[in-house]
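Chemist: So you can see what is in the structure, the chains are spelled out below.
Number of protein chains: 2
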Amino acid sequence: MSPQLEILALAGLPEVGPGDRLGELLAAAAREADAEPGDTDVVVVSQKIVSKAEDRTRALAAVKPGERAVALAAELDKDPRLVELVLAESRRIVRAAAGVLIVETRGGWICANAGIDASNVSGEDIVALLPEDADASARRIRAELATASGSRPAVVVADSFGRPWRLGQVDVAIGCAGLAALDDWRGRADLHGRKLAATAVAVADQLAAAADLVRDKASAVPAALIRGAGRWRTDADGPGAAAALQRASREDLFR
Amino acid sequence: MSPQLEILALAGLPEVGPGDRLGELLAAAAREADAEPGDTDVVVVSQKIVSKAEDRTRALAAVKPGERAVALAAELDKDPRLVELVLAESRRIVRAAAGVLIVETRGGWICANAGIDASNVSGEDIVALLPEDADASARRIRAELATASGSRPAVVVADSFGRPWRLGQVDVAIGCAGLAALDDWRGRADLHGRKLAATAVAVADQLAAAADLVRDKASAVPAALIRGAGRWRTDADGPGAAAALQRASREDLFR
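So the sequences go chain by chain: A and B. As numbered in the numbering used here, residues 1450 to 1704 make up the first sequence, in order. As numbered in the numbering used here, residues 1450 to 1704 make up the second sequence, in order.
Simulated from the structure, these hints should not be mistaken for lab results. Certain hints may be false.
No copy labels: a pair is met if it fits in one copy or bridges any two.
Cross-link-like lysine to aspartate or glutamate pairs, in silico, DMTMM-like; alpha carbons within 25 Å at most [as the list claims (entries may be wrong)]:
{"hint": "1", "residue 1": "K1513", "residue 2": "D1701"}
{"hint": "2", "residue 1": "K1513", "residue 2": "D1469"}
{"hint": "3", "residue 1": "K1527", "residue 2": "D1488"}
{"hint": "4", "residue 1": "K1513", "residue 2": "D1488"}
{"hint": "5", "residue 1": "K1527", "residue 2": "E1485"}
{"hint": "6", "residue 1": "K1527", "residue 2": "D1633"}
{"hint": "7", "residue 1": "K1513", "residue 2": "D1684"}
{"hint": "8", "residue 1": "K1513", "residue 2": "E1538"}
For clarity, every value in this text was computed on a predicted model and none was experimentally measured.
Chain A on its own, in the form it takes in the complex (with noise of 0.2 Å):
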């Protein structure tokens, strides 16, 4: 019996700095690992390296916290400048609490402190913001990835979240190109023919996590190949993949 799935670590990527072609170093690192993706593949990216690639760290130290990022740093015990930059990303806040900022960031997505984050971004106090535009940024990455391995795998932007109520944090898409998001199989039967009322799969994000499984916080591996994943391969990667995934504000209950 052959496995439904295989997940490998792409490992061997250079330290990526801005303006760095992700999906050529990704293709060349493939090459090297004897892991080459193809067409049914999906190519899981670390947002870590998309934001780093996309010159989007900052140096705290360059960070003037105003007057509001001050007060709200001072409630919440955290730094100023952290917060300045968490405001800078974010559409509103969804939840203040001592050590806990959670926002709707300007993207849309609802994580801690707009993720942004230190780990792993070399420098001292410097952070990495998320990507502007990450569904793009899997289309650009893609792409690349295209141009530089002649297949076009899939791609998945993810970072890693917390949740409500569980403990521990999973990684989810934030980003996505030619890939269904979102598997929807409401109006669809199941094994006795009955319509399953409610069920849509978020595809992008259990992929998301599936690939974290072969990383390492600590080695940092940036990026996982994951194949026989084509039956949720399309070819429509227009705007708004992995945008596919969030709930509407006037149908969420916790925000």
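Start from chain A and add chain B according to the hints.
Modeler: Positioned in the frame of chain A, the structure of chain B alone reads:
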């Protein structure tokens, strides 16, 4: 380069009924599929068949809704018999709005309808409740698997939950044995020697999500085998494995 992780669907189980020893059925299905689990593998089992084996299905026709259920059902436009079952399975209501009833179950999970649903349960108006203690279910299935196959893979019991803020369901772990459900990286160092501030990974949830990718809601593949997950193996399968993923109410900003 060999895959770090392989995921195989375990199909070919008979229709499961009360009293069935799931571990034995899974071992037989794995043998038949030439996919016998090893000690470092994880068998992810769908909640639905666990509930069937534990006689946790109910006929709605036999449920007499009480006054509270009737009133709440009218308010939410739901079946009062289903609402009666949900209330009986719940510690408290987290959110109630048109068509939506999100509760904290007696087992401590926060989910819609206390995890009760009707898909892939045979018979008119038969629904499946969650296992009473899915960690205990996982431990029992693991012991049965060991007896039937001679090896001791970890076991995760998974169910599909919706999430605040994000559309689509993802599979999460509600039961777990032989596996560190939560991998805590706090205090360890990142690539640049910086201490990781707040990273604990919900490994069991990510394994559940990964396994769901080889399932199919219509054909109801009830289990999956994940190979290469030995790094989270533990034989301390004492009480509360998946329960370790439950955020304490006082530390939760969303209930």
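Chemist: Run every hint past the structure and note whether it holds.
Modeler: Here is what the structure says about each hint:
| no. | hint | verdict |
| --- | --- | --- |
| 1 | K1513 / D1701 | neither (34 Å within a copy, 31 Å between copies) |
| 2 | K1513 / D1469 | neither (28 Å within a copy, 65 Å between copies) |
| 3 | K1527 / D1488 | neither (45 Å within a copy, 44 Å between copies) |
| 4 | K1513 / D1488 | neither (46 Å within a copy, 54 Å between copies) |
| 5 | K1527 / E1485 | neither (43 Å within a copy, 50 Å between copies) |
| 6 | K1527 / D1633 | between (40 Å within a copy, 22 Å between copies) |
| 7 | K1513 / D1684 | neither (44 Å within a copy, 51 Å between copies) |
| 8 | K1513 / E1538 | within (15 Å within a copy, 52 Å between copies) |
In the structure shown, a violation is registered for the earlier hints numbered 1, 2, 3, 4, 5 and 7, in ascending order.
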